[in-house]
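Listed here are the chains, written in short residue letters.
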Amino acid sequence: MKIGVYICECGSNIAGTVDVEEIAERAKEFPNVEVSRVYKYMCSDPGQELIKKDIEEKELDRVVVAACSPRMHEPTFRAVLEDKGLNPYVLEIVNIREQVSWVHEDMKEGTEKATSLLKGAVVRSSLMQPLERKKVGVNHKALVIGGGIAGIQAALDLADMGFKTTLVEKTSSIGGKMAQLDKTFPTLDCSQCILSPKMVDVSRHPNIELLALSEVIEVDGYVGNFKAKIKKSPRYVIEEKCTLCDDCVDVCPVITHDEYNQGFAPRKAIYISYPQAIPASYLIDPDACLGIDPLICAKCRDVCGPEAIDFDMQPEIIEEEYGSIIIATGYETYPIENIGEYGYGTIPDVISGLDFERLLSSGGPTGGKILRPSDGTIPKTVVFVHCAGSRDPSKHLPYCSKICCMYSTKHALMYKHLVHDGTAINFYIDIRTAGKDYEEFYQRAAEEDHVVYIRGKVSELFQDGDRILIKGVDTLSGETVELHADLVVLATGMIPSEGTKKMANLLNVSIGINGFIREAHPKLKPVDTAISGVFVAGTVTGPKDIPETVSNASGAASRAAGILAQDELEIEGTVAKVEESLCRGCGLCAEACPYNAIELKAVNRYGHTLQVAFVNEALCKGCGSCAAACLNGAINQLGYTDSQILALISALGEE
Amino acid sequence: MVRYSYFPGCNLKTNAKGFEETAIAVSKKLSAELVEIPNWNCCGTVHTLSTDNMMRRIAPVRVLSRSRKHIDTLDEETPNEVVTLCSMCNSTLKIVNDEVKHDHDKLEKVNYQLEEDDEIYKEDMEVKHFLEILRDKIGFENIAKNVVNPLKGLKISPYYGCMLLHPDKAAIDDVEMPSVLEYLVESLGAEVVDSPFFKLCCGSYQIVDEDRIVDSQVTKIVEAARKRGANALVVACPLCAYNIDHQQKILKEKVPGKLPLPVFYFTQLMALALGVPLKLNHFEDHHINPKPLLKELGLSGGKK
Amino acid sequence: MSFEYIKFGKEEKDFIEKIEEISGQNVYSCYQCGKCSAGCAFSSYMDKTVNQLIHLIQVGQKERVLAANTHWVCASCLTCSVRCPREIDVAALMEAVREYQLREEPEKVKISNIPKEVLDKLPNIALVSNFRKKTE
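Taken in sequence, the protein lines are chains A, B and C.
In this text, residue positions in the first sequence follow our numbering: the first is 269, and each later residue adds one.
In this text, residue positions in the second sequence follow our numbering: the first is -4, and each later residue adds one.
In this text, residue positions in the third sequence follow our numbering: the first is 5, and each later residue adds one.
Note that these hints are calculated values from the structure, not bench results.
None of the values given here were measured: they were computed from a predicted structure.
Treat the hints with care, since some could be wrong.
What the hints assert, rightly or not - Pairs of lysine-lysine residues, derived as DSSO-like cross-links and limited to a Cα-Cα distance of at most 30 Å, are as follows:
{"#": "1", "chain 1": "A", "residue 1": "Lys409", "chain 2": "A", "residue 2": "Lys889"}
{"#": "2", "chain 1": "C", "residue 1": "Lys112", "chain 2": "B", "residue 2": "Lys8"}
{"#": "3", "chain 1": "C", "residue 1": "Lys125", "chain 2": "B", "residue 2": "Lys101"}
{"#": "4", "chain 1": "C", "residue 1": "Lys125", "chain 2": "B", "residue 2": "Lys274"}
{"#": "5", "chain 1": "C", "residue 1": "Lys112", "chain 2": "B", "residue 2": "Lys215"}
{"#": "6", "chain 1": "B", "residue 1": "Lys8", "chain 2": "C", "residue 2": "Lys125"}
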């Protein structure tokens, strides 16, 4: 056993508080130390060369570096060892910067502490063993869950990179919420016009398999090797044969609410959500239809020229393997039915922001005219209530959803464009215009379109005759104000969708306090999750506007591709290992594991069936929680075994 | 017959005699007898919103303590609840009850003061308003079954006042869209007239030295009800009843022309519908006489 | 209107602390949305709206707070507290200002000044609640 000890001065960063020469001298006396050196900057090229030369000439088989935190340079020094043929895991780094020099002022104390730490490290070093970096194969297909703009962008990026991608969408068409919008701020681009080229690209892309009316119901496996089960619900219309002629709609006797138009318009049981839907095919709603099994009406089938209607379609379960998964399940809007002081959703002329989008839209229930839901007249005074159910930790959403100030400004501006003699009043608390060109848009709404902004949160509103009485306040002029409005639009925020909750459960990704999926790091890893191979895109992690969502989705695609582009994945050697003979199958390790990397499996031993813990090394991140939880000492973390740590602690206690 | 421990509060014996007497009669008819606590004191009407004024908490905690002891003297089926008729008592006692259950420090301080009176509160009791008993224990269907005089022709606007619904932890129903009085009025055969001012504060204690404030509130409340077609109001609080009732009389003299709307306690309406003797209503205490309206609609009793 | 010179010294800090202590509320939680004022049934009688009074407390302007009539017009109906999005018990803040004043000058309403006929006529519930809020 020959240990090389290398102590870094780090300029005065370490040498200022630690007598590096002194500890290098003392280290020479430690067991198994062959050589002990000091250098000004160990991480520099000459510093690295120093170590390399010693490994070769003195035939070292262990290396201890006393320097800054391993988070800084562990990979650097591991590469040095590998370069000279040593296993990278026989490197031990002692932190004498963050843990000594940066927290002490007294040179004598600092030196004593550094010596102690160094001794512990040297003792541990002699117990360290070379470890293997295992490899797993990688399946080169990607799974994108959710067909909104985030899912569409991610799928297109992955497909363009050459990876076969499956895009799964729960509803009958991709497009998500963006397809329901009329115009997007601040450019006032027609949402459908900028979205449908991307949707068509998805349908035509040779690398994308689009599964609509489908849901992921099970996912097993690990990064590079996920096994997914997808349930495809029957459309009852053969996609390839449907010509969108609309003849079936005329004969269908059932009328129900149109979800795409927020319930403001009727649709039939056989329908297409909107003309630009992709897949471009009609579908039958089995809950609204008079009967499919047993068949009751079938008038649609009778008039269908291309014979596209097939009542015998059954749900399919599709099983596939994927290398990476991207969750892009989007958001819902906060329901106005939850807000008591604004009527619990029972007042006809009090509607939500998304409802108003449908009124604005030329493909919507009013053909793009702004009409009151109660009597179809044109409202002359429209009040837009910002922060409806947001920034409200007492009863509703505590957070700000970022987009509502902008979309309310957009709504007020669009309303003024359509009803020139109308009055638009926005009751706000703060105007948040943090994106590109957003402030200018707000300025335009006020200066050019004369949108009135009153700072004050509306306390309550109620039906008064055929108008709505608003009780508000103008905090800037210090007066409580009342007015009658013809139409009220409540700007509601974003909440995580049902799909997000389901997928988070299925894939074991953690959810934050507000129900959105938690990213691996809120600043530096916005599209990763704690589960390797599972990425996130779009509003599934929190409120975002469209440009952010699209960048986010491309980022997720790039991260996913990082896995798919490889043929093999290397797994870190410092994983947990189970000593089967000591394992009693209690499962505490599996419970302690935050990454779902441990499973109990039944094993036959001496004619008995026992439960034994198995570690999936591809998922293990080497956190050591299992080793700490195990009562028997049956599971150890390689590279940080109990015997190594105990030896280190002993050495620290010595004089 | 389930017996409930009942805390009247001061006003129920003076201004609001009709409220109490009809409540007791009606409760007997519905097999829920209200048994008065023998040694009660005023609950303090409004609860102090300060954290440090312990003196103001003594009265309500004593009420809770004595109610709790009283419950032990009643029979097995008596639930661990004290029932109030007055909304203000309900709110005050509910808040104090919640406070002493969670803040043992305050309870200790108050109990220390009460030791002289040999009162120590065992915080395991609930406070209920009579409307909660009607809704949850007796049920509106039961009430409807007992109606002998449906109140046809009465168009009642329910007025909750603030204390039945505020604060959140003392609310007996949904804070923004309550329905207990509406269901009750319907079960008695009368028509409900919704008004958006169902909980707009009547002005409460400002009646003593700033009655102009109460005047404007009463005007708003009554006008909103009248505009929507109501011919009477129903309330659950003696102070609201006084404010709306008495000030309408003053306003009638100042602004003649509009017929004032009589104000009923919900138990008086129940008394009329369930066939309880008319005199228990004590309509003579009202400032706006409800008898002409009742006579017009043929609801003046006359059966007993 | 001249510039109001504002200080952030001990006197201001003491005032804010005392109000917070009596009310048990964190006055800095208020982000001045104004919903309390908007829902206050009595705001037309107040010289400073409810949110304005809270803002003055937040900046420690004791004199201006005590000079306002807001907290005396308040009828403790608690609508503000029930609707505050930051879950502040606004009515408790109003009570704290009342208590702050009453602990110095205990009689906002002088019972001896009320005519006997009025006292006789008024129900006890009105008298007790009024004296509880306006005297110490």
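Now for the hints, and whether the structure bears them out:
1. Lys409(A) with Lys889(A): 24 Å, holds
2. Lys112(C) with Lys8(B): 29 Å, holds
3. Lys125(C) with Lys101(B): Violated, at about 37 Å.
4. Lys125(C) with Lys274(B): 22 Å, holds
5. Lys112(C) with Lys215(B): Holds: Lys112(C) and Lys215(B) sit about 28 Å apart, inside 30 Å.
6. Lys8(B) with Lys125(C): 15 Å, holds
Violated hints amount to a single one, hint 3; each of the other numbered hints is respected by the structure.
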